[in-house]
Amino acid sequence: MTDRPNAASAEVLLGLGANVGDPRAQLERALDGLRAFVHDLRASSIYRTEPVGYANQPDFLNLVARGTTQLSPTELLERILRLEREIGRERTFRNAPRVIDIDLLDHAGQVSDDPRLVLPHPGIPTRGFVLHPLAEVAPEWVHPVLGKTARELLSAAPKIERVERL
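The sequence shown maps to residues 0 to 165 in numbering that gives the first Met the number 0.
Worth double-checking, as some hints may not be accurate.
With beta-carbon atoms standing in for the labels, derived distance ranges [unchecked claim]:
id : residue 1 : residue 2 : range
1  : Arg-150   : Asn-55    : 31 to 37 angstroms
2  : Gly-146   : Val-51    : 23 to 29 angstroms
3  : Glu-163   : Asn-55    : 19 to 25 angstroms
Calculated from the structure, these hints are not laboratory results.
Remember, predicted model here, so these are calculated numbers, not experimental data.
Positions of the beta carbon are idealized from the N, C-alpha and C atoms, including for glycine.
From just these sequences and the hints, can you work out the full model?
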């Protein structure tokens, strides 16, 4: 018996990152929090990556998680943003250091260009900190716009930031 409603489940992919405070503990806290509304959650290994966009900050620890939810993309985003705030996320400037960052990468292959929630996440094809863990946890996932698997996207990616699996 589960506490899930009888709605259809959608597979989702989430990118998590942290680089201030205790990043490993914050990633674990985020995964624990996500389990309240994302079921069958499976996470990739943790990857240490250099920052992108704003270089004057510590390296990030990143992972990608895969699971299912009954929430719509908008409802899921709202829950994610609430969880980020609970963990201590403060939005200061683009690409700033952060206690936690949780990105909705994909929601059941839906495509959306809504400015509040673009799906699939537009950075997937060019971000090593997403592609490496994504190819680990969901190698067969197919980008709904580009038609390439996570492995193919990783192989075809332009020069990307330093990424090391921990």
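- request: Hint by hint, work out which the structure violates, then give me just those numbers in ascending order.
  value: No hint contradicted; all consistent.
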